[in-house]
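K.L.:
Under my numbering, residue 390 is the last one in the sequence shown; the count climbs by one each step, no gaps.
You may find that some hints are simply not true.
Result set (SDA-like, lysine to any residue): computed pairs, CA atoms no more than 25 angstroms apart in a straight line [said to hold, decoys possible]: (1) K156 x R175; (2) K258 x F130; (3) K307 x G336; (4) K79 x Y241.
Ranges between beta-carbon positions, derived for each pair [said to hold, decoys possible]: (5) S185 x V356: 39 to 45 angstroms; (6) A311 x R186: 26 to 32 angstroms; (7) R186 x R314: 22 to 28 angstroms.
Hint data in this document are derived by calculation from the structure and do not stem from the laboratory.
C-beta atoms are modelled at their ideal positions from N, C-alpha and C, and glycine is treated no differently.
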Amino acid sequence: MRISFITAFLITSSTGLFLASPAVQAQVLVLAAADTAGLTAQLRQRWQASDFPGFAVAVVRPDGVVYEHGFGYANKALKTPYTPATVQGVGSVSKTLIGVALLQAAAAGQLRLDQPVNELLPFAVHHPYFPNQPITLRQLATMTAGLTENQRFYSKHAYTKGTASALSSEEYLRRTLSPTGQWFSRRRFRPYAPGSSYAYSNESAALAALAIEKATGQAFSEFTRRHILLPLGLTDSGWNYAEIAASQMATLYSAKGKIVPPYYTITYPDGGLLTSVHSLGRYLHSIINPAVRGAPLPPAAVDSLLKPQFAAGRMPRHLDAAEPNQGLLWAHRRNGTVGHTGGDAGLTSFLFFDPVTRVGKILVTNTEVQPGPRSLKQFKAIWKLLDQVH
Numbered sequence: 001m002r003i004s005f006i007t008a009f010l011i012t013s014s015t016g017l018f019l020a021s022p023a024v025q026a027q028v029l030v031l032a033a034a035d036t037a038g039l040t041a042q043l044r045q046r047w048q049a050s051d052f053p054g055f056a057v058a059v060v061r062p063d064g065v066v067y068e069h070g071f072g073y074a075n076k077a078l079k080t081p082y083t084p085a086t087v088q089g090v091g092s093v094s095k096t097l098i099g100v101a102l103l104q105a106a107a108a109g110q111l112r113l114d115q116p117v118n119e120l121l122p123f124a125v126h127h128p129y130f131p132n133q134p135i136t137l138r139q140l141a142t143m144t145a146g147l148t149e150n151q152r153f154y155s156k157h158a159y160t161k162g163t164a165s166a167l168s169s170e171e172y173l174r175r176t177l178s179p180t181g182q183w184f185s186r187r188r189f190r191p192y193a194p195g196s197s198y199a200y201s202n203e204s205a206a207l208a209a210l211a212i213e214k215a216t217g218q219a220f221s222e223f224t225r226r227h228i229l230l231p232l233g234l235t236d237s238g239w240n241y242a243e244i245a246a247s248q249m250a251t252l253y254s255a256k257g258k259i260v261p262p263y264y265t266i267t268y269p270d271g272g273l274l275t276s277v278h279s280l281g282r283y284l285h286s287i288i289n290p291a292v293r294g295a296p297l298p299p300a301a302v303d304s305l306l307k308p309q310f311a312a313g314r315m316p317r318h319l320d321a322a323e324p325n326q327g328l329l330w331a332h333r334r335n336g337t338v339g340h341t342g343g344d345a346g347l348t349s350f351l352f353f354d355p356v357t358r359v360g361k362i363l364v365t366n367t368e369v370q371p372g373p374r375s376l377k378q379f380k381a382i383w384k385l386l387d388q389v390h
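Please construct the entire structure, taking both the sequences and the accompanying hints into account.
P.N.:
What follows is the structure, encoded as structure tokens:
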């Protein structure tokens, strides 16, 4: 899921433009200890004053990850330190990989962004109010397909206790979105034609990922492992708990400090990525500077991934004021930054960069940032401190 209540206080007045990145030698840098000792001390103080069990941060520039550090605990009882190598779920930051994978499959001639999704799916999905207007992959990737979110239903059916599920993402989507599915409801769609109205939807993202599976003949988890994670050397990252060493995993905590038992996201492409801040930093680096070794997309494709999809004068209805435009599953914030947020039981994640300065920031914590003023103030203070690294 994506958390939306933090959006307003991250807004500033800057604007962004997308430029192809120059060929800069790929490397991961950490500034000298003297350069960041003050920042680290301030962040440690913020953790001590916060409700967060632990968190890690990173700052990324075209020349690499220039700062990363962890604070607090991955497990409070064992006092296991939370480090940049600690692995946990990152929620809807996962969706950014769907956008990358769409362009990879398009470059291979396996699909087209404006292709009707029903040409790829094993079952038909029609907008019940506009059955003759096809839903396209681009509409799914910009949240304009007409699908809307029923959070109560999604929370009940799209999660399972434990670390795996007998129900596949494909079967969940068939039951939910096919007119013959047992969970189908017209109320899952807004009464606006595909492409004309914006509504955030986890199922839109998951349906795009299913189309990628059918177009490429590979499970989304395997496709992204081969074409995104391994080329970047992100060996600590994946979509299944069985792929991750238990010693690397963070324990998740509720906003009240109670342990959140392990759970699995059935529609895993929309929110089930398990990774570390260190690996997210390398991933974001490859987007900021697509000339780096192992980058999943060339510069022109990165521009296609990130460029605003909604033209002035042709904006869809109901856009979020804090996110007035969309890339392909990368959100454009009103402050000019681009990226995604993630929020789920026991976790919060932010990944954004400024296309003008080409500096990015990442923050991941093993608890839920709640809409109360104390929690928001703590999060905002930590996020703002990262601006000290230019």
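K.L.:
Flag every earlier hint the structure violates by its number, smallest first.
P.N.:
2
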